Amino acid sequence: MSTPPSLYGLLAEFETPDALAEAARKVREAGYRKVDAYSPFPIEEVIEALHFHERKLPILVFIGGLVGCAIGFGMQYYAAVVSYPVNVGGRPLNSWPAFVPVAFELTILVAALCAVFGMLLMNGLPMPYHPLFNNPKFSLASSHGFFLSIESSDPLFSRATTEEFLNGLRPKEVTEIEA
Amino acid sequence: MADLDTSQKPATGAMGGAGHTYESVTDKISDIVLTRKTSKSWILGFGLAFAFFMVFLYASTYLLARGVGIWGINVPIGWGFDIVNFVWWIGIGHAGTLISAILLLLKQQWRTSINRFAEAMTLFAVACAGVYPLLHMGRPWFAYWMLPLPNTLGIWPQFRSPLVWDLFAVSTYATVSLLFWYVGLIPDVATMRDRSKGRVAQLFYGLLAMGWRGSARHWQRYETAYLLLAGLSTPLVLSVHTIVSLDFAAGIIPGWHTTIFPPYFVAGAVYSGFAMVLVLMIPIRRIYKLEDYVTPRHLDTMSKVMLASGLIVAYGYLMEIFYAWYSATSYEQYMVENRFSGPYALLYWALILANVVIPQTLWMKRVRTSTFALFLVALVINVGMWLERFIIIVTSLHRDYLPASWDMYYPTVWDWATYVGTIGLFFSLLFIFVRLLPMISIFEMRSILPKQDGK
Chain A
3 MSTPPSLYGL
13 LAEFETPDAL
23 AEAARKVREA
33 GYRKVDAYSP
43 FPIEEVIEAL
53 HFHERKLPIL
63 VFIGGLVGCA
73 IGFGMQYYAA
83 VVSYPVNVGG
93 RPLNSWPAFV
103 PVAFELTILV
113 AALCAVFGML
123 LMNGLPMPYH
133 PLFNNPKFSL
143 ASSHGFFLSI
153 ESSDPLFSRA
163 TTEEFLNGLR
173 PKEVTEIEA
Chain B
2 MADLDTSQKP
12 ATGAMGGAGH
22 TYESVTDKIS
32 DIVLTRKTSK
42 SWILGFGLAF
52 AFFMVFLYAS
62 TYLLARGVGI
72 WGINVPIGWG
82 FDIVNFVWWI
92 GIGHAGTLIS
102 AILLLLKQQW
112 RTSINRFAEA
122 MTLFAVACAG
132 VYPLLHMGRP
142 WFAYWMLPLP
152 NTLGIWPQFR
162 SPLVWDLFAV
172 STYATVSLLF
182 WYVGLIPDVA
192 TMRDRSKGRV
202 AQLFYGLLAM
212 GWRGSARHWQ
222 RYETAYLLLA
232 GLSTPLVLSV
242 HTIVSLDFAA
252 GIIPGWHTTI
262 FPPYFVAGAV
272 YSGFAMVLVL
282 MIPIRRIYKL
292 EDYVTPRHLD
302 TMSKVMLASG
312 LIVAYGYLME
322 IFYAWYSATS
332 YEQYMVENRF
342 SGPYALLYWA
352 LILANVVIPQ
362 TLWMKRVRTS
372 TFALFLVALV
382 INVGMWLERF
392 IIIVTSLHRD
402 YLPASWDMYY
412 PTVWDWATYV
422 GTIGLFFSLL
432 FIFVRLLPMI
442 SIFEMRSILP
452 KQDGK
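Order-wise, the sequence lines are chains A and B. So for the first sequence, our numbering puts the first residue at 3; every next one is plus one. So for the second sequence, our numbering puts the first residue at 2; every next one is plus one.
Simulated from the structure, these hints should not be mistaken for laboratory data. Heads up, some of the hints might be wrong.
Rough simulated footprint, nothing fancy, chain B against chain A, three-plus residues with beta-carbon under 8 Å [stated by the list, open to error]:
#1 57-64
#2 95-103
#3 123-130
All of these numbers come straight from a predicted model, not from anything done at the bench. Beta carbons: idealized from backbone N, C-alpha and C, even for Gly.
Bound conformation, chain B alone:
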């Protein structure tokens, strides 16, 4: 029997887990992994994603054999799809950290239903992002040259370069995200260990759980560590996209050299990340019947965050135009003119449509509560954010100062193959994740349930 004490507002129900007990929460979430048979649609989905991952392996093998000349990049546009996709993926990742860390510090209980999944998404998105700078080097086997390692030449990485900052930021981000995710998983894999029947499963979860037994002494340190990690991740996630934006802002290319870039990039990251969480979560809650946990209220709240960050991004677009005019620099002004009516104008206006115009429908409650409409809007935003990075990188580079050095950038089939390949990698990892690990944090779900008398 549920005994709602007054400190636990009835609204808790709307935050997920309404009408559930400690036991039924455990059963529901762990059974998705432990007792549910591998469905045909899972095999089909994973197979499809894995096939795309094979495309990625094929494309990168060919790249390593032939060099980056197989891509569409050329001399003015040295950063093509690789950096576009790098920024796109890493931005998507940011929503996971925002949900798990910042919302934890702000005591937003609704995060509990989605934080595990969003963190996994972060990890996989960062893995996809990390691939691009490596491949873009052309000779990835020398990637270690970026590290401050002793060498016979006695030289060091250029610590004054944002590209080196980026290396430190992204690798720290990947490490801390992995730790955060794993620490959150420990009590839940202990649950899986205790509930699994097969020897292989017991060993697998047992190894991951490291002998967790839910001791109060352990919980106390665990909670401290988790809170500290959240506190550390919060400035970290802001720093990562700030540094990514400095890759551009520290350059003197028209359209890049502005101070609006760091906040505008961070907001864009949150924007695309929440859109990706929605794109993934809407079908998954349906397929795995998790509507009790990921409620309409979650979708509503996420769309509000999306709307708010989208407005900051729109402000960023506006400031780019204002800055070009206010700078009184003909190069900056031409950059805006070129975006409005140059060869990539179609993509620019598509970006404005996708990122500024269409998301305004989120003001309407009908859109926020309709899963189908919300799914479409989130999908459009993901495309829009990809276009944004394309526009920022390509239109600024392709016509900078000297008209003699202007050129066009056309992605080749290998650019596209690498891109869809990383989407395959991302979805392959997600499919494996939902099959092997609890996709909702069981122990956090239990702790937000109203206190129960009996069970």
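The following block holds chain A by itself, in its conformation from the complex:
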């Protein structure tokens, strides 16, 4: 039977975090790439097994911090030196030590905004609808269920062999995810 177009993928449920990590390693070894794991808390081994480490977010946050600092300091410099210079007994207009606190606060503010919204955007959130939510079992993923999905768009995916492969990983259950 060929893959019906309404199939998003297959979902396997595992009993423990370790079983999920083990399964994730094997799925990855078997060559599947459109794979994701779902767990009620972050599991380092699973992230490791699926090679999900990426370094974009810290870079974004660092740049955000630099931009915040530049805006903070630049604004104060412009105000004090260019736009509205006030000569207070011949003291330097660019009194930079007094500009540190505001520049610092804006550094933190912009970096924190980048961290949160960068994380959300890269994760594609908010996403109110996802095919996984069609699966009644999936609600356990936020409590005590450990899931692994292989999407039908994976080049290696075939309804029958992938299911057989997943069953070989000793899951609790393998179910379909309707698109």
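Go by the hints and put chain B onto chain A.
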């Protein structure tokens, strides 16, 4: 069956969640919100807090109609209750950030049981604090004048003034605390979404959860973001109270112009904040039967932090006296003399009793393990820290340089109404929080449980 591997020390149990499984943790914490009926005592408590909040609204409406003259402030004492309470509230808030950010970076797992609650406390305390400078302006509808906005006069805020730094510090702090709290909530509101039965609840939690599905890819970025936020919040929280202290230290008023102020204020903030966490957590763990999660070990550890920061604060009091003597300035020396035996001496000695003497009982394990004694000591510290701000602000201002300009400060009924009003606001928000959101971080609790075979 619990399978304790050696990397997870058995002490984990004492840190909360002993004998629980992933499922029972989820059930226990989410059921407080989802299945527990709104109890009579909740309605009563919330009603009482809300009544006090109404007092606040009444007092501030009258304030806006009549102006700040209804308060006890006068010319030498331009900063009365408003700044006392502002500093008090913002200090209380600091414990939340300390627990959630600094203890996360230090890998202190025991924070997991209390961080969500403490962060909520931070947020509400900052909201209460923020009210005061706004009202103190007298014309809060011009609050935007403090912002660097283009205007027809072509003028800017004074960026060399600690008061402008304070605006940036407190608003950044409020924003980052809110973000930190919300990010921590996302996986838990997803749990609530998946477990709630009613349509309204599903929509409410569903909107907040933004479609979180616990994907490993998401978790990886999530953890990175959370850690980065903790790293950013740590210097932030230290900077906020430092800048608050600079509001004083940058002035030339006797008793304010000292370099001890920033560390002494930060320690005081931690001190009062931990005291407030204890004052709130001790009854709540009892009412909601959370003794498995907030264990005697938590109370013990928190009282130790309190004791340590209290000693730094005591050192600050000592240095204020030393500095007055060492400066050889008669104004500074008179300030200390005036605190010791002037018209506010009673409050000064009450402050020393509450902040330095009574907390020494925390050296005794019996006090640290008795919830009742600990509750009382924490309450006393909260009062003491309030007195500290009162003494710092009022005794320095009321007799500064020229005796001709000396005066006394007596708070009026409107000062008190605003103060108890913000306490009402704080507790109203807390009551709503414990009713609608999980007060312990469920997903972090799961992740510190010993690994389980089966469930």
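Hint check:
1. 57-64: holds (count 3)
2. 95-103: holds (count 4)
3. 123-130: Per the Cβ count (6), the hint holds.
Consistency with the previously given hints is maintained throughout, with no hint failing.
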